[in-house]
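Here's the letter readout for the chains.
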Amino acid sequence: MKGCYADDPDVQLMLRVRDGDELAFAELVQRHAQALFDFVLRYVGDRQHAEDVAQDCFLKVFRAASRYEPTARFRTWLFTIATRRCLNHRRWSLRRRHVSVERAGEEEGRGPLELPAAGEDPTQGIEETELRQRVRAAVRDLPRRQRMALVLHRYEGLSLAEIGEVMGLRMGAVKSLLNRARESLRRRLAGDLELYAPARREVSEVRR
Amino acid sequence: MTDRNESHAWKRDDPELWDLLEVDAAPEALPDDFVSRCVATARSAALRPGPWVRVAIGTGVIAAGLLLWWGTSRQGRDTDPGPADRTLTTPDSVIEDVIDRLEGLTDLDILSLDLEGAETVGDDFFGS
Numbered sequence: 000m001k002g003c004y005a006d007d008p009d010v011q012l013m014l015r016v017r018d019g020d021e022l023a024f025a026e027l028v029q030r031h032a033q034a035l036f037d038f039v040l041r042y043v044g045d046r047q048h049a050e051d052v053a054q055d056c057f058l059k060v061f062r063a064a065s066r067y068e069p070t071a072r073f074r075t076w077l078f079t080i081a082t083r084r085c086l087n088h089r090r091w092s093l094r095r096r097h098v099s100v101e102r103a104g105e106e107e108g109r110g111p112l113e114l115p116a117a118g119e120d121p122t123q124g125i126e127e128t129e130l131r132q133r134v135r136a137a138v139r140d141l142p143r144r145q146r147m148a149l150v151l152h153r154y155e156g157l158s159l160a161e162i163g164e165v166m167g168l169r170m171g172a173v174k175s176l177l178n179r180a181r182e183s184l185r186r187r188l189a190g191d192l193e194l195y196a197p198a199r200r201e202v203s204e205v206r207r
Numbered sequence: 000m001t002d003r004n005e006s007h008a009w010k011r012d013d014p015e016l017w018d019l020l021e022v023d024a025a026p027e028a029l030p031d032d033f034v035s036r037c038v039a040t041a042r043s044a045a046l047r048p049g050p051w052v053r054v055a056i057g058t059g060v061i062a063a064g065l066l067l068w069w070g071t072s073r074q075g076r077d078t079d080p081g082p083a084d085r086t087l088t089t090p091d092s093v094i095e096d097v098i099d100r101l102e103g104l105t106d107l108d109i110l111s112l113d114l115e116g117a118e119t120v121g122d123d124f125f126g127s
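These protein sequences, in sequence, are chains A and B.
Using numbering that gives the first Met the number 0, you'd call the opening residue of the first sequence number 0 and step up by one each time.
Using numbering that gives the first Met the number 0, you'd call the opening residue of the second sequence number 0 and step up by one each time.
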């Protein structure tokens, strides 16, 4: 086995999958399904497609198990597969651009409105939901590589080096993508930054 | 600067935007049966031939079909059609040749033919 990846518990599980252990595969899926689904959903925007793509990623992992060699952390490898699948999905969806009326909202990154819990200020809930929708829309409007780098960094917590490995880029290129994404989001969300950011910061500091 | 510090550069340099993005950080709930579906799909996929094997099988089927078609189309040209079909396929030129040769026969030739009924034909011809 190569280098430090032997310490990665997911690599150990993957090696068991390579030896035909189905339980190890189930455990791997269990460990990474949420993160992978979350990443794919932020990229493709549609829940049903995100499920299909995420499922297909795990299928690819299973199919590749017999040839698996631990040359990276499992999580990095998994996101590399997911990145390629997302890009392929984009090509596929460009060919068959068909959005049903019922799902138009989902396609645009808008989820159903959530009702506030009892005792909560209903207007605050709506504001929060609308803010979330604006943030999501702003992220979705980023060029695809900027969006991918941003989601991997901000929401999936990958380091710059890992993002470079996943996207096949040098560290400088990753930084450049993230900087451009940041500038673009700052422009799009300027109003929200003025209104909400100080309040959110106070809340998060109080929580700490 | 190490990669770890680089990774948090954005959070440090632009905490307001970093925090604002937190509003959409909550993950969407996965369907309850997602994991079991993934495992079931993988299990059934393990029993199915892989994509390259399927391509190879498909190519083989198409090649076999082409070979069969080619063989069938050659059969009419290479083999004897049999007695039943022979009369149907006799060319007109052969029939004309036979008629010409019959017309060219002299009386003597006709008399000398060893044909059934030739005697009767000869008698009628010479009026005897």
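Calculated directly from the structure, the hints in this document are not laboratory data.
A virtual CB, placed ideally from N, CA and C, is assigned to each residue, including glycine.
Careful: at least some of the hints might be erroneous.
Claimed, not checked - Straight line, CA to CA, 20 Å or less: simulated EDC-like cross-link-like pairs of lysine to aspartate or glutamate:
id : chain 1 : residue 1 : chain 2 : residue 2
1  : B       : 10        : A       : 20
2  : A       : 174       : A       : 155
3  : A       : 59        : A       : 20
4  : A       : 59        : A       : 193
5  : B       : 10        : A       : 26
6  : A       : 174       : B       : 15
7  : B       : 10        : B       : 27
8  : A       : 59        : A       : 9
9  : A       : 174       : A       : 129
10 : B       : 10        : B       : 21
11 : A       : 59        : A       : 18
12 : A       : 174       : B       : 12
13 : A       : 174       : A       : 164
14 : B       : 10        : A       : 182
15 : A       : 174       : B       : 13
16 : A       : 59        : A       : 6
17 : A       : 59        : B       : 12
18 : A       : 174       : A       : 191
19 : B       : 10        : A       : 193
What the hints assert, rightly or not - Residues of chain A placed beyond 10 Å of chain B at every Cβ, according to the derived structure:
id : residue
20 : 15
21 : 33
22 : 40
23 : 61
24 : 68
25 : 75
26 : 127
27 : 134
28 : 146
29 : 168
30 : 181
Do the hints match the structure? See the list:
Taking the CA atoms of residue 10(B) and residue 20(A), the gap is about 41 Å. The hint is violated against a cut of 20 Å. In summary, the hint linking residue 174(A) to residue 155(A) is supported, as the alpha carbons are separated by about 16 Å, within the 20 Å threshold. Pair hint residue 59(A) plus residue 20(A) holds up; C-alpha atoms about 16 Å apart against a cutoff of 20 Å. As the CA atoms of residue 59(A) and residue 193(A) are separated by approximately 44 Å, the hinted pair breaks the 20 Å bound.
Taking the CA atoms of residue 10(B) and residue 26(A), the gap is about 33 Å. The hint is violated against a cut of 20 Å. Only pairs whose Cα atoms come within 20 Å are accepted, and residue 174(A) paired with residue 15(B) is accepted, the gap being roughly 19 Å. Under the criterion of a C-alpha separation no larger than 20 Å, the hint pairing residue 10(B) with residue 27(B) is inconsistent with the structure, at around 23 Å. Distance restraint check for residue 59(A) and residue 9(A): the Cα-Cα separation of roughly 16 Å lies within the 20 Å cut-off, and the hinted pair is therefore satisfied.
For the suggested pair residue 174(A) and residue 129(A), the alpha carbons sit about 30 Å apart, so the restraint of at most 20 Å is broken. This hinted pair checks out: residue 10(B) and residue 21(B) have alpha carbons roughly 11 Å apart, not beyond 20 Å. Between residue 59(A) and residue 18(A), the direct Cα distance comes to roughly 16 Å. Compliance with the 20 Å bound is thereby established for this hinted pair. Taken as a hint, the residue 174(A) and residue 12(B) pair is honoured in the structure, with Cα atoms around 13 Å apart against an allowance of 20 Å.
With a C-alpha separation of about 13 Å, the suggested pairing of residue 174(A) with residue 164(A) holds against the 20 Å cut-off. Proposed proximity of residue 10(B) and residue 182(A) is supported: the alpha carbons are some 14 Å apart, at most 20 Å. With a CA separation close to 14 Å, the supplied pair residue 174(A) and residue 13(B) stays within the 20 Å bound. The suggested pairing of residue 59(A) with residue 6(A) is violated, with an alpha-carbon distance near 23 Å, which exceeds 20 Å.
Using a Cα cut-off of 20 Å, the hinted pair residue 59(A) and residue 12(B) is violated, with the two alpha carbons roughly 38 Å apart. At most 20 Å may separate the alpha-carbon atoms for a hinted pair to count; residue 174(A) and residue 191(A) exceed this at roughly 24 Å. A threshold of 20 Å between alpha carbons decides the hint, and for residue 10(B) with residue 193(A) the separation of about 17 Å falls inside it, so the pair holds. Remark: the non-interface label on residue 15(A) is consistent with the geometry, its nearest Cβ contact in chain B lying 14 Å away (cut-off 10 Å).
The Cβ of residue 33(A) sits about 6 Å from the closest Cβ of chain B, inside the 10 Å cut-off, so the non-interface label is violated. At roughly 6 Å, the least C-beta separation between residue 40(A) and chain B is not larger than 10 Å, which violates its mark as non-interface. Chain B draws residue 61(A) into its interface by the beta-carbon criterion, the shortest separation being 4 Å against a cut-off of 10 Å. Every Cβ of chain B is farther than 10 Å from the Cβ of residue 68(A); the closest lies at roughly 19 Å, confirming the non-interface assignment.
No beta-carbon of chain B comes within 10 Å of the beta-carbon of residue 75(A); the shortest separation is about 13 Å. Distance check for residue 127(A) against chain B: the nearest CB is about 7 Å away, which does not clear 10 Å, and the non-interface claim fails. Against the 10 Å criterion, residue 134(A) falls within the reach of chain B, whose nearest CB is about 5 Å from its own CB. Against the 10 Å criterion, residue 146(A) stays outside the reach of chain B, whose nearest CB is about 12 Å from its own CB.
At the 10 Å boundary, the C-beta of residue 168(A) stays outside the reach of chain B, the nearest C-beta of that chain being 14 Å off. At roughly 6 Å, the least C-beta separation between residue 181(A) and chain B is not larger than 10 Å, which violates its mark as non-interface.
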